[in-house]
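Protein chains: 2
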Amino acid sequence: MPVLLAIRFAVIAALLALLTGLGSAASTDADRLPILPYPARVSGAEGFLAVQNGFRVHVDGPVDPLLEQTVARFLERLSAKTGIRFLAPRAADQAMATLRIRSTSPTPVWPGLREDEAYVVEVRPEGATLQAANAFGIRHGLETFLQLVEFGAGGAMVSALRIEDQPRFPWRGLMLDPVRHFLPLDVLKRQVDAMAAVKLNVLHFRFADDQAFRVESKRFPKLHEAGAEGQFYTQEQIRELVEYARQRGIRVVPEFCVPGHTAAWLVGYPEFGSRPGPYTLIRSFGIFEPTMDPTNEALYPFLDELFGEMAGLFPDSFVHIGGDEITGKHWAETPRIRAFMEERGMKGWPDLQAHFNKRLLPLLNAHGKRVIGWDEVLHPDLPRSIVVQSWRGQKELGAAVRDGHEGILSSGYYLDLMLPAESHYAVDPLSNGGDALSSDEASRVLGGETCAWSEFITAENLELKLWPRGAAIAERLWSPRERMDVPFLYARFPRLLEELGWLGVEPERIRRRMLARAANDSDSLDRLTRVAEFLEPVKRYHRADSGDYTVFRPLNRLVDALWPESMAARGFRLQVDAAVGTPNLAALAAVRVRLEGLEADARSLSETVVGSALLNDAAGDVERLAQSAALAADAVRYLEAGKKTPPGWLERARTSLSQMEARQGEILNMLFAPAHTLLDALSRSPAEQGTFKDSQP
Amino acid sequence: MPVLLAIRFAVIAALLALLTGLGSAASTDADRLPILPYPARVSGAEGFLAVQNGFRVHVDGPVDPLLEQTVARFLERLSAKTGIRFLAPRAADQAMATLRIRSTSPTPVWPGLREDEAYVVEVRPEGATLQAANAFGIRHGLETFLQLVEFGAGGAMVSALRIEDQPRFPWRGLMLDPVRHFLPLDVLKRQVDAMAAVKLNVLHFRFADDQAFRVESKRFPKLHEAGAEGQFYTQEQIRELVEYARQRGIRVVPEFCVPGHTAAWLVGYPEFGSRPGPYTLIRSFGIFEPTMDPTNEALYPFLDELFGEMAGLFPDSFVHIGGDEITGKHWAETPRIRAFMEERGMKGWPDLQAHFNKRLLPLLNAHGKRVIGWDEVLHPDLPRSIVVQSWRGQKELGAAVRDGHEGILSSGYYLDLMLPAESHYAVDPLSNGGDALSSDEASRVLGGETCAWSEFITAENLELKLWPRGAAIAERLWSPRERMDVPFLYARFPRLLEELGWLGVEPERIRRRMLARAANDSDSLDRLTRVAEFLEPVKRYHRADSGDYTVFRPLNRLVDALWPESMAARGFRLQVDAAVGTPNLAALAAVRVRLEGLEADARSLSETVVGSALLNDAAGDVERLAQSAALAADAVRYLEAGKKTPPGWLERARTSLSQMEARQGEILNMLFAPAHTLLDALSRSPAEQGTFKDSQP
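If you read the sequences in order, they're chains P and C.
Sequential numbering of the first sequence, starting at 1, is according to the working numbering.
Sequential numbering of the second sequence, starting at 1001, is according to the working numbering.
Because the hints were derived from the structure by calculation, they are not lab data.
Glycine included, every Cβ here is placed at the ideal spot set by N, Cα and C.
Be a bit skeptical, because a hint or two may be false.
[What the hints assert, rightly or not] Chain P stretches covered by chain C per the calculated footprint, using a threshold of three residues with CB under 8 Å from any CB of chain C:
| # | segment |
| --- | --- |
| 1 | 185–197 |
| 2 | 316–330 |
| 3 | 367–378 |
| 4 | 444–452 |
| 5 | 545–557 |
| 6 | 604–613 |
[Said to hold, decoys possible] Which residues of chain P face chain C? A partial, calculated answer using Cβ under 8 Å:
| # | residue |
| --- | --- |
| 7 | N53 |
| 8 | T104 |
| 9 | P108 |
| 10 | W110 |
| 11 | G112 |
| 12 | P170 |
| 13 | E460 |
| 14 | S479 |
| 15 | P494 |
| 16 | E498 |
| 17 | G504 |
| 18 | D617 |
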């Protein structure tokens, strides 16, 4: 077994045991490697392979430019990660090589839906081998190899092992929304690198919506000229991005949502709207009425030309037509559309949407495209060739695959809801809410996509909101279904973040910089950084409750700088669980010290908070954090002392917590859960039980 | 007076007072703004200017593309720093503008030696104005304005004030050495941005030396082909860099050192060497023998053509010919060169070097260049037009300007010596070691250059070694001579680092990432990060003592990841001084707690240190840090208790510290100084004085 990894993992496991209160060290076997997503099959071996100045790669197989680029990039990254400059890293023959790579067939120019992504990597002290069908599998193997490189006592090394790996699902996507807040090209490229690191393979863009149309159209220039306020991707940039993704084995699927969510199209081309117009760009977020008119015969040649132009930019065999959240209001309000529907016996807007889709599909097929749409497109009249992306629920995915469609799951994978990684990790594309799928139906589930809608995400904080949570979904889609060890998932996050750091993806750096902007001086910044670890943005769609947000409002305040899920807060919650689970004075004292420090930090921040416009609307949150820390510390003191609480204290404490909870707005206080745990423990404690008995008649 | 700045600086001043033990808050006047380098004249005013969505700039003056680019970049940076997207940030007329910029003349295409860099900025609640001769001064004013932007309670703002500013010296340089370790273009561009932020205006590159020749020559391609192992700047990259610098008001001065330090030239062109060759690239560091043969008539047309080609790449009016560290050995060993010298009555190699320089100068002048050389070029035969860069000492600068040359100072400004910022800050180009310069002589001191030789600097850690120390020198060269407040210099560093962070220059991030590479797991990383704050790299040239270093040895170990000067260690030293200066039990207790934490961190790291090749040669340093922390904590305990130390304890403690100090190698322990301070305080304490009296006969 890899000795050094074993040592390292013994440390992690010990820490984990401490946090989870399991009390036993995890095994140091091949089931505990720092790889994310975890491979299908791993077996350990003895010793390790040194990675030194003389490290050399030999590539054997058909001539393959993509594979050559993949290997060159791997060597650059290995050099950056280790700080070692490899002088002549390509071996002329196998015998000279440290790592022998063998592919069996040339890589297709464009990745398709069901490529062979499997690979086998074998590491021995005397050298390593990596085999796969082509560059797609080789690239995954090299990502795995890179994740395994670490510094042992003798230098950089990879522990000896054998990995046989392949993905569980062929469609493993990330959907980005550059509409509501624009995402510049360099930000997108970094996400491509991060995706490749966690073996995602589809990058789906919602390029057009009510707020903007973000791709240059030479054929219909008013789309981006009137629809993007200067913030759009030129065709040259799109080509650059698509090529960048191709080199990393990632398909780019463009979405041009029709016929709803189209206000930005209609600003330049109002003649395709259901109402006469004029239309304006929508600045707020939600569901809006502007909708194309499916009864307008001129609409179809327009879409045919536009999708044809886009087909030249996006070579992937799929195009996404959106289709979500149509209200039907403008259709119902327009006599000619109502008449059209009545003539054909249509019962409501879903029938007209199906009519529109049936007209559109052959045009897209003629451009060589298969079509994917959100689950609202599902309709009995629709051809089975359309792929359904289920966002409303797992039931919709089940309905689609029972109906003969292929489908992918996004329900449960929305990163913009700011939910914990474990909640996404628990969602399996095949679980379907308990209803069994036949194996035939299950085979039509292509995989899933994590979505990051950008109402509250900007180019600046995107990475803070995507990673590492996105990696939990990547593992769900790649690794065997049985891989369900939540503590081990979280245990691998710090190391994954270090790996992503070498690619320039550094959420903690973004967090710190946004906090520094808010705090102005470095002394307050340290305190704010600690305090912010116990705050999270409100979950689901509640942030929009105030209705104050538009695309113009800066997202530079405290809530924007928070981890969606704070690992520190999670760790503290587990620490409290463990401390009260097996009552232990040392563990309780450690909890109390942490709470005292947190209270002091929060209290000493009050002046900073009031003095900064980026913090002062969170003044109540910081104040309540201090109060709840004080309250929780008091509870710990009673537990430590084994003393009865004063009469009514527990009840008042609970009321106080509830009142504080009720006052939360955009920011959640992550101390409430551990505070309740402490109060519950106190109410169960022997001293309180005595109190209870005392009060018996 | 700017209210919010005043509050903020009151906090900093209080902290500073705490650290320095001054015990009094600094004034909140216009002498305490967070600007670095500090302006010549500042006066405060009432209120502040808000920086909001509607922020608009109007530019008035002659048409000036450079100024337009400068303003556009300023707006991008203002947007990044504040997180605010400015929708229409250019005002059509003055009345609409938040910031009115007025220049009086068009900016020269290329910056020259004595441009008018002065500017006046005036900020009032109703708007701001910025005036300067051209884009050079305007750019400085905008850097100042950016540094002043911060978040107050009402949003982003700049406090009302008036600044009249201009540089003290016209030549304010940074010398980089991409020879010993290559520095890629993106790293260089970031340094250009950082230089511009601290108002440096000359970027000097030593492009060729014994280890490499780093610029593509189309005329003599064997220079870079045989001399750079593939790591050189293409001519296209050079043009890109020079243009990038030009847009930021920075001159690029190339150095091609001749006739010594030329082994890399002679690999491809051995015919110009003093000895027959063949020559090879030198892998180690120091002074080597390969030298061009000044008696070879073919050498001058070669250099003429090469410098002519380079003159086309580098439009600055200066070219640097190096000229340092000639040994004369190969000249003395070569009969034809000896004969040449004897024929002309030359007394030694300096005469032959002067002969060479006299032949070379007219050729360079014919290419439109003035010449600068290191102080070894100084020779009575040399024309006074040559500028002397003094690296050996201030005396050499004095000699040069007395002799009628213009000169710049680099002695005292070598960042690669890893000295504290305050030591560089204390060096004034005009102090000349106490010898007075006449005003005429002083007027020939053009300024100075900070140098970063790269024996122990790489592309990865360059920024960790350059900033913020380089800013201390930038202030010395820009600000009035009287600006000499060392605590205030250090007090501005954290804010400066945040400013540089918005430009992607983030030394702390580099430090953390290099430590993460060494530590592998996040738990140890936190401890290592704290421990590393009390370690610094050995000063001056002692790191080379072992002789183990070559250009190939990776610089990825603990010593490479350390701050050259640790602000945390400095702060602790001042904290100890203050605690023993005005004996105070609370202050002593705080010192002890810090020492206990440090000891615990260092001890708990022992397994991590042994387990990582990047740490294990520092095992002794970490162990000694733990021991010295324990010893210092014991001393504090005696001071706190006011008790006599056991007989012999003080002496043993001093011996133990001395022994530990003697064992330091590449890494210095920054606890030794405060530990000595504590022992000294103890030996002066009443309890010990009693002991001393007791032992009297």
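Just to make sure I understand the rule, a stretch counts as covered if three or more of its residues have a C-beta closer than 8 Å to a C-beta of the chain. Does the segment 367–378 of chain P meet that for chain C? Check failed, 0 qualifying residues.
How about the segment 185–197 of chain P: do at least three of its residues have a C-beta closer than 8 Å to a C-beta of chain C? violated (count 0)
Less than 8 Å between beta-carbons is the criterion; does P:D617 satisfy it with respect to chain C? Hint on P:D617: violated, closest Cβ of chain C at ~11 Å, above 8 Å.
Quick check on the hint: P:T104 CB to chain C CB, less than 8 Å? violated (32 Å)
Close enough to count: is the Cβ of P:W110 nearer than 8 Å to one in chain C? Hint on P:W110: violated, closest Cβ of chain C at ~30 Å, above 8 Å.
Given P:G504 as an interface hint, is its Cβ closer than 8 Å to any Cβ of chain C? P:G504 check fails; min Cβ-Cβ to chain C is 10 Å, beyond 8 Å.
Identify whether the interface hint at P:S479 stands, where standing means a beta carbon of chain C within less than 8 Å of its own. With a minimum Cβ separation of about 22 Å from chain C (threshold 8 Å), the hint on P:S479 is violated.
Would you settle whether the hint for P:P170 is holds or violated, based on the nearest Cβ-Cβ distance to chain C being less than 8 Å? violated (33 Å)
Supplied contact hint for P:P494, tested at 8 Å Cβ to chain C: Hint on P:P494: holds, closest Cβ of chain C at ~4 Å, below 8 Å.
Three or more residues of the segment 444–452 of chain P near chain C by CB distance under 8 Å? violated (count 0)
Tell me if chain C covers the segment 604–613 of chain P under the three-residue, 8 Å CB rule, please? With 5 residues closer than 8 Å to chain C, the segment 604–613 of chain P meets the three-residue bar; holds.
Satisfaction of the P:P108 interface hint, Cβ to chain C closer than 8 Å: violated (32 Å)
Violation of the numbered hints given earlier is confined to hints 1, 2, 3, 4, 8, 9, 10, 11, 12, 14, 17, 18; the remaining hints are satisfied by the structure.
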